[in-house]
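Chains X and W are the protein sequences, given in the same order.
By this note's numbering, the letter at position 63 of the first sequence is numbered 63, and the numbering carries on one by one without gaps.
By this note's numbering, the letter at position 85 of the second sequence is numbered 85, and the numbering carries on one by one without gaps.
To be clear, the hints were calculated from the coordinates, so they are not data collected in a lab.
Just so you know, not all the hints are guaranteed correct.
Unchecked claim - Counterexamples of contact, computed for chain X against chain W with all Cβ distances above 10 Å:
id : residue
1  : Glu23
2  : Arg26
3  : Gln27
4  : Gly31
5  : Arg35
6  : Ala42
7  : Val63
8  : Leu65
9  : Arg70
10 : Ala71
11 : Pro79
12 : Val97
13 : Asp100
Stated by the list, open to error - Per label pair, the in silico range of CB-to-CB distance:
id : chain 1 : residue 1 : chain 2 : residue 2 : range
14 : X       : Asp44     : W       : Ala9      : 46 to 52 Å
15 : W       : Ala130    : X       : Met34     : 30 to 36 Å
16 : W       : Glu179    : X       : Ala71     : 38 to 44 Å
17 : X       : Ala71     : W       : Gly104    : 52 to 58 Å
18 : W       : Glu147    : X       : Asp44     : 19 to 25 Å
19 : W       : Ile44     : X       : Ser89     : 53 to 59 Å
Think of the CB as a built atom: it goes at the ideal place given N, C-alpha and C, for glycine as much as any other residue.
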Amino acid sequence: MTDSAPLDRETTARQGPPLEPWEVFRQEKEGDAMRHGGSVMAPDAVLAVHYARELYGRRQESVRLWVVRRADIHDLADPDLLQPPLDRSFKKPGGYVMRDKLAAARKQSRQRTPKAPAT
Amino acid sequence: MTTTRTALAAAVPDDLREAVDGLLLSMADDEFVIGFSDSEWTGIAPILEEDVAMSSLAQDELGHASALYELLAALRDGPGVDADAIAYDREPHEYRHARLLDHGRGDWAMTIARRYLYDTADGVRLEALASSSIAPLRELVDKIRREERYHLMHATAWLQRLAERSGEPRDRLVAAIEELGPDAGTVFTPLAGESGLVEGGALAEPMEALESRWRARITPDFVRLGLPMPPATVDPGNGRSLHGDQFRWLWTEFTSVRRQEPAATW
Chain X
1 MTDSAPLDRE TTARQGPPLE PWEVFRQEKE GDAMRHGGSV MAPDAVLAVH
51 YARELYGRRQ ESVRLWVVRR ADIHDLADPD LLQPPLDRSF KKPGGYVMRD
101 KLAAARKQSR QRTPKAPAT
Chain W
1 MTTTRTALAA AVPDDLREAV DGLLLSMADD EFVIGFSDSE WTGIAPILEE
51 DVAMSSLAQD ELGHASALYE LLAALRDGPG VDADAIAYDR EPHEYRHARL
101 LDHGRGDWAM TIARRYLYDT ADGVRLEALA SSSIAPLREL VDKIRREERY
151 HLMHATAWLQ RLAERSGEPR DRLVAAIEEL GPDAGTVFTP LAGESGLVEG
201 GALAEPMEAL ESRWRARITP DFVRLGLPMP PATVDPGNGR SLHGDQFRWL
251 WTEFTSVRRQ EPAATW
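Construct the complete structure from the given sequences, taking the supplied hints into account.
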């Protein structure tokens, strides 16, 4: 829960295996996506699951929990890889964003096209 | 409330009333005392997560105590009889919890040893009530057992961690088990009218048989972890009476607010 526990807790916990963060994912009801709930500090998987149960499940707010050691998560947050500076909108399922281009084309064509002959 | 009272009154034959009263009181007092005692870890447990876990376990036990006192109040069904009055308005010598729970929470090893010994014993006792002829008790026991499963997982996880870590953790655990051992079996102190409970189908087996079951149940853990098995119970006849000074202290704590204003409505 916190990396800066009071000194007496640290002194007590110092003897055992080191505490490390575990990420907790929870499902609110059957069929829902697993969503990140938060994290717990624990020395091993068994206690991490116990603590996850206490912090994210004891009020019947979850039907399933996943507990993952934070160190086992591979992190990618590089803007060059995730938010490239050039227009890559053609890679979106909807293809190019055409709205602006269409509007410009229409405007131009209105200017060029002579008035329709009166009938 | 009325429904419970009627249902319970109908479920308990007159000749079993006293024995069922004693059974409910012993179970409720056990849960109340260990729940209150473990709640003392709130704010001072070794790590925040364990603080929350132990506090939550303690709350569960107080919840079980409350439900059992409610049943008892329904059984006694008299003016001024309610769960709070039974829980708080008695003198220390009138409490019927097992002497095992007169040992204070001590250090973390003591708390874990006490929890493990009590939870395993309570588990065997609850099992013996799972098919009880007293329907309201059977239904409550069914719910309690589902929560106790987790309590036992928690206690066992910690027992193992302390036992397997040589040096201070293991030394403290062994010392705690040696101190608690002679009183561990007091959870199975024979009840007045016990044979009637067994014959009437309220309780599956006599306490003595349940104690053997419990010893067999914990033996694999104790052997695997190389821990000293609890010896035969000392002064088994008084296993739920003659509470010492440590309980008087705890009693003073948990009744302190109640005694400030006895007639108050909360």
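Against the structure, the hints:
no. : hint                                : in the structure
1   : Glu23                               : holds (14 Å)
2   : Arg26                               : holds (16 Å)
3   : Gln27                               : holds (19 Å)
4   : Gly31                               : holds (24 Å)
5   : Arg35                               : holds (20 Å)
6   : Ala42                               : violated (6 Å)
7   : Val63                               : holds (15 Å)
8   : Leu65                               : holds (13 Å)
9   : Arg70                               : holds (14 Å)
10  : Ala71                               : holds (18 Å)
11  : Pro79                               : holds (34 Å)
12  : Val97                               : holds (48 Å)
13  : Asp100                              : holds (52 Å)
14  : Asp44(X) with Ala9(W): 46 to 52 Å   : holds (50 Å)
15  : Ala130(W) with Met34(X): 30 to 36 Å : holds (34 Å)
16  : Glu179(W) with Ala71(X): 38 to 44 Å : holds (39 Å)
17  : Ala71(X) with Gly104(W): 52 to 58 Å : violated (39 Å)
18  : Glu147(W) with Asp44(X): 19 to 25 Å : holds (23 Å)
19  : Ile44(W) with Ser89(X): 53 to 59 Å  : holds (57 Å)
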